[in-house]
Amino acid sequence: MPEATPESRPYWEGLERQALMLQRCANCGLVRHYPRPMCDACQSMATDWVEASRDATVHSWTVAHHPFHPAFRAELPYVLVTADLPEGVRLLAQLRGGTAEALRPGLPLRVEFEANAEGLTLPVLRLRDG
Amino acid sequence: MMTLANKAAVTGVGDTDYTRDAGGRSALSLQLEAALKALADAGLTPRDIDGIVMPSPGGPVVAEDLVTNLGIPDLRFSTGTPLGGAGPVAALQCAAAAVASGICSHVLLTLGRTGRSGQRIGARIQQMPQFRTVGEFEAPSGALAPAQYYAPMARRHMELYGTTSRQLAEIAVTTRHHAMLNGNARMTQPISIEDHQASRMISDPLRLLDCSLESDGAVAIIVSAAERAKDLRQPRILLAGMAEGHPDSPSAITQRGDMTRLGLAKAAPRAFAMAGVTPADIDVAEIYDCFTYIVLCQLEDLGFCGKGEGGAFVEGGALGLGGRLPVNTHGGLLSQAHMAGMNHVAELVRQLRGEAGRAQVKEAEVGLVTGYGDLGDGTLAIMTRG
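Residue numbers (the numbering used here), protein chains in the order written: chain A, 1 to 130; chain B, 1 to 386.
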């Protein structure tokens with residue numbers, strides 16, 4: 001279980017209600033991810049939160065075959081997709097509804113949500129055509 | 001403007017045997033053995049050491065342990081360079097700055113661990129603050145280890161530029177051949193491109209033979225003021241150019257605008273300019289190789305070829321002895337041992353002294369060593385025989 005920080009708590013709370021929440025600088029409007037205290041464009045610490053559209057496209061990926069941690073052994077192999085969001089940041093999440101063979105950069109995906117064995121809700125990425 | 005060029009020299013190197021299991025010895029014991037060898041190599045005693053830079057601070061050994069055991073009477077400078085595998089080369093620059101400014105004269109660097117018999121990488125990085133961001137936001141989805149963080153960089157490179165797994169295999173095969181010439185390397189049997197292609201997938205596209213070897217062992221390096229180095233036992237190896245560079249989005253590769261560009265791309269022009277040389281002048285290169293792809297990407301970021309051309313550059317044994325650019329002549333992290341790149345520093349010094357044995361690059365006069373760590377930090381040192 002990740003340890004949330006004051007900056008990341010709205011992100012984790014958003015996932016719990018199946019919303020992908022992104023930080024947005026209240027001064028200059030730049031969306032940033034992962035959550036942190038300061039906007040690197042204008043150094044403002046004033047922060048809004050916006051809900052992401054749930055659209056995404058493939059940027060890159062890997063297929064995990066080796067069990068680096070016993071908690072994930074049963075899920076192997078699983079596909080980890082790095083996805084571009086139209087909001088201007090990226091999301092890393094497991095793939096649903098297809099295999100890595102189908103992937104190529106730019107392929108459209110949709111953000112969905114799943115609770116893991118510990119009850120933590122995480123984003124997943126589903127192939128639009130899948 | 002003041003420059004660090006040629007103000008400091010590497011005057012001593014020492015390393016232990018590299019093994020799967022150091023037989024219950026501690027990381028400190030291994031580092032002390034390497035330190036004594038480096039001191040003997042330089043012709044110095046512990047009393048001469050007045051600076052310590054730990055290339056892997058937060059590791060199992062602190063400077064106080066070295067002072068206590070070696071009996072260093074008057075340490076004037078103690079610090080560390082927490083850049084993961086970029087730490088050893090960053091420590092060279094830090095030590096050079098310390099001796100050039102007159103704070104101290106002879107700086108000891110040690111790195112060593114029980115990386116194979118003790119705690120493994122997947123567990124180690126969970127404790128490192130540099131991995132806090134990916135630990136919170138990526139690990140819960142199952143991205144837990146360096147292979148899984150770096151594989152998407154390799155995949156992106158493949159998709160953009162047509163780089164192939166067989167090209168990555170070229171790096172593994174050449175590096176293995178070099179290890180077999182070394183005499184102190186974990187891996188002693190040859191491998192072929194087909195062996196690489198048949199090795200099990202770890203994190204696609206990275207196969208087992210794309211990955212480095214968790215190992216037990218230690219390396220020590222001594223950096224001295226260039227003037228003081230003249231009187232020592234070995235021909236001095238001058239630190240001609242050094243730089244470090246940090247990638248965009250240093251805490252998360254996922255958020256990096258161009259994930260095929262490492263911090264080294266920023267460091268390389270600085271170090272080459274300081275040394276007054278170009279990639280064409282480099283006789284031998286020791287390039288950080290936690291994974292084969294990281295070598296390929298650094299060849300591009302160093303300017304040996306353009307971005308996207310690394311795959312073609314490494315083909316046909318180009319990185320072997322007698323090839324276009326001899327790389328990792330000791331066997332690297334892939335086939336000698338994962339010593340976080342300190343073994344790369346030791347090997348470059350040996351090459352430039354002409355002590356590299358069967359892997360000696362003929363008439364090696366100018367060489368470079370890189371470091372890479374913590375999701376993309378890059379370091380570079382260019383050395384010359386002086």
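To be clear, the hints were calculated from the coordinates, so they are not data collected in a lab. Bear in mind the structure is a predicted one, so any value in this text is a computation, not a measurement. By construction, the Cβ of each residue, glycine as well, lies at the ideal position given by its N, Cα and C atoms. Don't take each hint at face value.
Per the computed footprint, the stretches of chain B lying under chain A, defined by three or more beta-carbons under 8 Å from a beta-carbon of chain A, are [what the hints assert, rightly or not]: (1) 139-150; (2) 154-163; (3) 200-209.
Facing chain B, according to a computed beta carbon distance under 10 Å, are these residues of chain A, among others [what the hints assert, rightly or not]: (4) GLU75; (5) TYR78; (6) VAL79.
Against the structure, the hints:
Counting residues of the stretch 139-150 of chain B whose beta carbon lies closer than 8 Å to any beta carbon of chain A gives 9, which meets the minimum of three for the stated coverage. For the stretch 154-163 of chain B, the assignment as covered by chain A holds, since 4 residues bring a beta-carbon within under 8 Å of that chain's beta-carbons and 3 suffice. Coverage of a stretch by a chain is defined here by at least three residues with a beta carbon nearer than 8 Å to that chain's beta carbons; for the stretch 200-209 of chain B and chain A the count is 7, and the condition holds. Evaluation of the GLU75 (chain A) hint against chain B yields a held restraint, the C-beta minimum of about 7 Å falling below 10 Å.
Nearest Cβ of chain B to the Cβ of TYR78 (chain A): about 6 Å, under the 10 Å cut. The hint holds. The beta carbon of VAL79 (chain A) comes within 9 Å of a beta carbon in chain B, closer than 10 Å, and the hint placing it at the interface holds.
When held up to the earlier numbered hints, the structure conflicts with none and fits them all.
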